[in-house]
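**Q** Chains R and Z, in that order, are what the protein sequence lines are. With this note's numbering, the residue at position 155 of the first sequence is 155, and numbering never jumps. With this note's numbering, the residue at position 228 of the second sequence is 228, and numbering never jumps.
What the hints contain is simulated information worked out from the structure, not anything from laboratory work. Yeah, the Cβ is synthetic: ideal placement off N, Cα and C, and Gly gets one too. Worth double-checking, as some hints may not be accurate.
[Unchecked claim] In silico BS3-like links for lysine-lysine, alpha-carbon gap of 27 angstroms or less: (1) R:156 x Z:134; (2) Z:160 x R:164; (3) Z:247 x Z:226; (4) Z:256 x Z:204; (5) R:100 x Z:28; (6) Z:134 x Z:69; (7) Z:69 x R:93; (8) R:156 x Z:256; (9) Z:151 x R:32; (10) R:93 x Z:206; (11) Z:160 x R:93; (12) R:100 x Z:69; (13) Z:140 x R:156.
[Stated by the list, open to error] Far from chain Z, by Cβ distances over 12 angstroms, these chain R residues were calculated: (14) 67; (15) 78; (16) 86; (17) 105.
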Amino acid sequence: MSYLAILISFVFINNFILTQFLGLCPFIGVSKNTESAIGMGFAVTFVMAIASIVTWLLSHYILIPFNIEYLQTITFILVIASLVQFVEMVIQKISPQLYKALGIFLPLITTNCAVLGIALINITNNYNALESFVAGISAGIGFLLAILLMSNIREKLDLIRVPKPLQGVPVAFISGGLMALAFMAFDRALLTNLLG
Amino acid sequence: MIINIISAFLSVAILGGLLGIGLAFASKKLAVNKDVRVANVEESLPGINCGACGYAGCSAYAEAIVIEKAEIGLCPPGGKESAEKISKIMGMEIEFNENRLVAKVHCNGNREHSAYDFAYRGLEDCNSAVLLFKGDKSCKYGCLGLGSCIKVCPVDAISKTADGRVEVNKEVCISCRKCVEICPTGVMQMIPYHADYYVACNSKDKGAVVRKVCKVGCIGCKICEKKYPEAGFDVNNFLSVVNYNSKGIDRQGAAKACPTNSICKI
């Protein structure tokens, strides 16, 4: 059951964007239309999943045995960035279709704080390898959910009259804030009610 | 202390070095051989990704030309110029059709000329307005004036005039037909760039009905068709349409004779 708990926790209770305010840059930047928002959401999910695994291995087989945990953040950044670059090349080689859908988003999130965030949170929570992987995917799904909702709101916002000083990003941030308020309804009680 | 600094420096340097070498190796090993012509063709296209060619964007069209041997002259915005460039790259001869089409709103009914059934206060979007009794305008064929075409136009060729009509700047129009596709009433239509006169009405209702709801609509009286047979007006379904393939003699006279002034000079 603990995997389900991790899933619910990262999608709803600790949603990366709406509760922890990580990864706001792609959330605002790529949420103008639904199509690219979905692409970005899946790219983030994908990167978070593989980054969780790789940073867990790095942490448990290199950093802890050699007693250099204080280098966690900097090595994570380094490894995630090169990993994403590498994955981009592999995708471009083996699947041009997938590259067309995800490729342009991958370079944008090489050094994203949400991706680094999930790697560090996995270590802080003492997850094992599989738990880290599930946490990575769940956090990505949470991101996908938030950016998908946001892109739909922004498409509707384009059709109505918004006061000039609020047009574009300001009104997007206000809507994001209201969405965050709504997501506060998901708290620990949800987890205990659902899973006992 | 010093040991710590050195070990931190060394471990990050070694890790970074290894990853760097790995990436450099991977980029050589995994390099994708792209056809040089694709990049060249893409460069000669305008790069506005309007989709008028039927492909997802300029790069998709460029790929289709090189790999699938797609037709060259499909890009209206690029026109003759880019078609010539591409034919040079591909080593093919092409015939380019000079008759460029531009979009035109076939309606002159604004708040002053036309009747409205109710006050619409919804989203500023024609397709949303149409969901409610086919729009607030009494004439169900006319321009709703909420500007869906203005928003969809990739080159900002469409604008609203001071008296509330929607106009297309034919010099800027790139014939991508996006406005034609999004318009729910079908009042946006393509006409030749060199067209001199057009009928500014889209109403297929009987004359008496048109008279009731609009001061400037075509009532299908057939004066233009009968008195000026050489001008090329065809009246079908109580609506006059200009046949631009005809000789078009004395369209000016027909415009003057039109009782509702719905034949307009461009």
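**Q** Determine for every hint whether it applies to the structure shown.
**A** Checked hints:
Taking the CA atoms of residue 156 (chain R) and residue 134 (chain Z), the gap is about 20 angstroms. The hint holds against a cut of 27 angstroms. Pair hint residue 160 (chain Z) plus residue 164 (chain R) holds up; C-alpha atoms about 19 angstroms apart against a cutoff of 27 angstroms. Taking the CA atoms of residue 247 (chain Z) and residue 226 (chain Z), the gap is about 15 angstroms. The hint holds against a cut of 27 angstroms. Distance hint between residue 256 (chain Z) and residue 204 (chain Z) is fulfilled; the C-alpha atoms sit about 22 angstroms from each other, no more than 27 angstroms.
This hinted pair checks out: residue 100 (chain R) and residue 28 (chain Z) have alpha carbons roughly 21 angstroms apart, not beyond 27 angstroms. Between residue 134 (chain Z) and residue 69 (chain Z), the direct Cα distance comes to roughly 44 angstroms. Violation of the 27 angstroms bound is thereby established for this hinted pair. Under the criterion of a C-alpha separation no larger than 27 angstroms, the hint pairing residue 69 (chain Z) with residue 93 (chain R) is consistent with the structure, at around 23 angstroms. Our distance criterion of 27 angstroms between C-alpha atoms is broken by residue 156 (chain R) and residue 256 (chain Z), whose separation comes to about 45 angstroms.
Restraint check for residue 151 (chain Z) and residue 32 (chain R): satisfied, since their Cα atoms lie roughly 14 angstroms apart, inside the 27 angstroms limit. Of the pairs offered as hints, the one joining residue 93 (chain R) and residue 206 (chain Z) is violated, with about 63 angstroms between alpha carbons and a cut-off of 27 angstroms exceeded. Proximity of residue 160 (chain Z) to residue 93 (chain R) is assessed by CA-CA distance (about 48 angstroms); at most 27 angstroms being required, the pair is judged violated. Distance check on the hinted pair: residue 100 (chain R) and residue 69 (chain Z) sit about 21 angstroms apart at the alpha-carbon level, within 27 angstroms; holds.
Restraint check for residue 140 (chain Z) and residue 156 (chain R): satisfied, since their Cα atoms lie roughly 25 angstroms apart, inside the 27 angstroms limit. For residue 67 (chain R), the condition that its CB be more than 12 angstroms from all CB atoms of chain Z is violated, with the nearest at approximately 9 angstroms. Not every C-beta of chain Z lies more than 12 angstroms from that of residue 78 (chain R), the closest at about 6 angstroms, which undercuts listing it as non-interface. For residue 86 (chain R), the requirement that its beta carbon stay farther than 12 angstroms from each beta carbon of chain Z is not met, with the minimum near 6 angstroms.
Distance to chain Z confirms residue 105 (chain R) as a non-interface residue, since its nearest Cβ pair spans about 16 angstroms, more than 12 angstroms.
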